[in-house]
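**Student:** Sequence:
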Amino acid sequence: MSSTTLERGAQTHPDIPSYGKVNVDILRILSRPGKIWWLLFGLAVAGVGLLGYSWANQLISGIGLTGLNTPVSWGVYITSFVFWVGIAHSGTLISAILFLFRAKWRQSIYRAAEAMTVFAVMTAGLFPIIHLGRAWHAYWLFPYPNERLLWPNFRSPLVWDVFAVTTYFTVSSLFFLLGLIPDIAAARDQAERGSLRHRVYQLVSFGWRGTDRQWHHFGKAYLYLAALATPLVLSVHSVVSWDFAMSIVPGWHATIFAPYFVAGAIFSGIAMVITLMVPIRKAFGLEAYLTTKHFDAMAKLCLVTGLIVSYAYITEFFMAWYSGEDPERHAFWNRAFGDYWWATWTMLTCNILIPVLLWFKRVRHSIAALFVISIFVNIGMWFERFVIIVTSLSQEYMPFAWGNYRPSTTEMGIMVGSFAWFGMWFLLFVRLLPPVAIAEIKEVLPAPLRPRAGAEAAR
Numbered sequence: 001m002s003s004t005t006l007e008r009g010a011q012t013h014p015d016i017p018s019y020g021k022v023n024v025d026i027l028r029i030l031s032r033p034g035k036i037w038w039l040l041f042g043l044a045v046a047g048v049g050l051l052g053y054s055w056a057n058q059l060i061s062g063i064g065l066t067g068l069n070t071p072v073s074w075g076v077y078i079t080s081f082v083f084w085v086g087i088a089h090s091g092t093l094i095s096a097i098l099f100l101f102r103a104k105w106r107q108s109i110y111r112a113a114e115a116m117t118v119f120a121v122m123t124a125g126l127f128p129i130i131h132l133g134r135a136w137h138a139y140w141l142f143p144y145p146n147e148r149l150l151w152p153n154f155r156s157p158l159v160w161d162v163f164a165v166t167t168y169f170t171v172s173s174l175f176f177l178l179g180l181i182p183d184i185a186a187a188r189d190q191a192e193r194g195s196l197r198h199r200v201y202q203l204v205s206f207g208w209r210g211t212d213r214q215w216h217h218f219g220k221a222y223l224y225l226a227a228l229a230t231p232l233v234l235s236v237h238s239v240v241s242w243d244f245a246m247s248i249v250p251g252w253h254a255t256i257f258a259p260y261f262v263a264g265a266i267f268s269g270i271a272m273v274i275t276l277m278v279p280i281r282k283a284f285g286l287e288a289y290l291t292t293k294h295f296d297a298m299a300k301l302c303l304v305t306g307l308i309v310s311y312a313y314i315t316e317f318f319m320a321w322y323s324g325e326d327p328e329r330h331a332f333w334n335r336a337f338g339d340y341w342w343a344t345w346t347m348l349t350c351n352i353l354i355p356v357l358l359w360f361k362r363v364r365h366s367i368a369a370l371f372v373i374s375i376f377v378n379i380g381m382w383f384e385r386f387v388i389i390v391t392s393l394s395q396e397y398m399p400f401a402w403g404n405y406r407p408s409t410t411e412m413g414i415m416v417g418s419f420a421w422f423g424m425w426f427l428l429f430v431r432l433l434p435p436v437a438i439a440e441i442k443e444v445l446p447a448p449l450r451p452r453a454g455a456e457a458a459r
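Under our numbering, the first residue of the sequence shown carries the number 1, and numbering increases by one thereafter.
Bear in mind the hints are in silico, worked out from the structure with no lab data behind them. No residue lacks a Cβ here, since even glycine has one placed at the ideal position from N, Cα and C. Careful, some of the hints might be misleading.
Said to hold, decoys possible - Per label pair, the in silico range of CB-to-CB distance:
| hint | residue 1 | residue 2 | range |
| --- | --- | --- | --- |
| 1 | I367 | Y311 | 24 to 30 Å |
| 2 | L100 | G64 | 47 to 53 Å |
| 3 | I129 | H365 | 56 to 62 Å |
| 4 | G285 | F142 | 42 to 48 Å |
| 5 | A401 | L203 | 53 to 59 Å |
| 6 | W341 | G219 | 49 to 55 Å |
| 7 | E147 | L353 | 22 to 28 Å |
Stated by the list, open to error - Cut-off 25 Å, straight-line C-alpha distance, at most; resulting in silico cross-link-like pairs (SDA-like, lysine to any residue):
| hint | residue 1 | residue 2 |
| --- | --- | --- |
| 8 | K300 | G338 |
| 9 | K21 | K300 |
| 10 | K293 | N23 |
| 11 | K21 | L40 |
| 12 | K293 | T315 |
| 13 | K21 | V171 |
| 14 | K21 | S31 |
| 15 | K220 | E443 |
| 16 | K282 | V171 |
| 17 | K35 | F426 |
| 18 | K35 | T275 |
| 19 | K220 | W242 |
| 20 | K442 | Y222 |
| 21 | K35 | F360 |
| 22 | K300 | L357 |
| 23 | K104 | Y289 |
| 24 | K35 | A46 |
| 25 | K21 | H294 |
| 26 | K300 | A368 |
| 27 | K104 | S31 |
| 28 | K35 | G47 |
| 29 | K442 | R213 |
| 30 | K35 | K300 |
| 31 | K220 | S173 |
| 32 | K282 | W38 |
Taking the hints into account, I'd like the entire structure generated from these sequences.
**Tutor:** In structure tokens, the structure reads:
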């Protein structure tokens with residue numbers, strides 16, 4: 001398609017970007033960062049420093065610095081682990097499942113969602129090591145043949161976690177890097193020849209030239225990885241839920257946990273995508289690529305998964321009452337009206353009441369409203385994991401063994417630092433790699449600017 005045709009199309013449809021303008025708009029993000037980026041990056045690095053200081057203090061003084069005790073042996077650390085694994089799910093959902101279903105609205109958001117997946121799994125992986133206390137024994141987490149009699153117990157769901165999370169991280173990283181190749185090649189061609197950035201892009205683009213043969217193999221590989229990654233959306237958080245459901249702790253031993261956890265993971269993951277994409281859209285002027293239609297689709301998906309989570313909450317309380325089992329009834333009564341009532345009602349408010357606003361089109365088309373709602377959803381989903389873990393462990397079967405749990409400043413410092421760790425990697429990603437897929441954006445450009453329509457216009 002000639003440049004004359006592109007100019008004619010751009011004049012006819014001034015709001016529709018051309019192929020060349022897509023490259024310019026997206027690759028402009030990779031230019032020298034501004035003051036706001038450096039401010040956010042500095043805050044993220046400071047937060048990572050808080051994480052490192054708190055963890056180092058725990059290593060020196062021992063796990064006793066935490067609020068963990070005999071009845072509540074899991075606390076903020078495992079809550080955050082489950083939360084971050086859940087956040088990672090939306091990336092695979094958007095990039096793999098919606099790709100297989102040919103949902104066109106995914107093109108503008110899936111790259112950032114995939115990056116979020118990789119960084120969220122990296123963040124989640126910190127917490128099992130931190131929770132060990134003796135981090136130098138972290139290799140005990142991996143199930144390899146050994147002479148130790150107690151660990152690893154290959155029948156334990158905790159060992160299943162290792163297989164599930166490492167597999168998910170491997171496949172998600174490959175899927176993320178494979179999809180980046182054409183766009184890295186575009187960034188390579190724009191970078192100053194001979195510079196460090198150009199050499200790195202040249203290495204990571206694997207000699208991409210955009211030939212027909214390369215596109216053919218790229219499409220096949222992307223399709224196969226999408227098919228491979230799709231079962232992981234269902235399996236990984238199902239395995240995480242079995243950490244709880246395989247026990248006999250009241251409030252945990254339930255068959256609903258696998259679909260309940262998967263729906264909650266997608267719910268929180270989509271909310272996190274909205275939280276991240278709104279500032280990116282505003283900061284880099286990507287309104288033409290991240291339209292209200294994209295946010296409307298994400299809001300609808302968030303609403304559907306939120307309704308599933310709400311149904312799961314109602315089912316849990318109903319079955320606890322209907323079962324006639326006193327420990328189960330007490331566990332859920334304790335959740336709603338016990339010592340941690342504030343956490344439970346925060347969870348219910350953020351995950352049931354506030355998402356009801358997404359039924360209204362005006363709210364779904366308000367970017368500011370979606371941003372605020374997405375933050376509340378993620379607050380509620382963190383408290384959901386806290387409620388599930390702490391309320392059940394604090395009061396099990398025997399009243400004389402009951403005890404409360406209060407997170408220490410060390411735990412809270414590490415938890416806050418984990419968000420900074422995630423934010424640091426995401427900020428680096430935005431400045432080093434295209435956060436919006438250039439190649440796939442061009443596939444869904446409106447007809448007047450696509451080659452076939454351009455050729456007809458030229459005739």
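**Student:** I'd like to know which numbered hints this structure contradicts. Please list them from smallest to largest.
**Tutor:** Of the numbered hints, 3, 7, 8, 9, 11, 12, 13, 16, 19, 21, 27, 30 do not hold.
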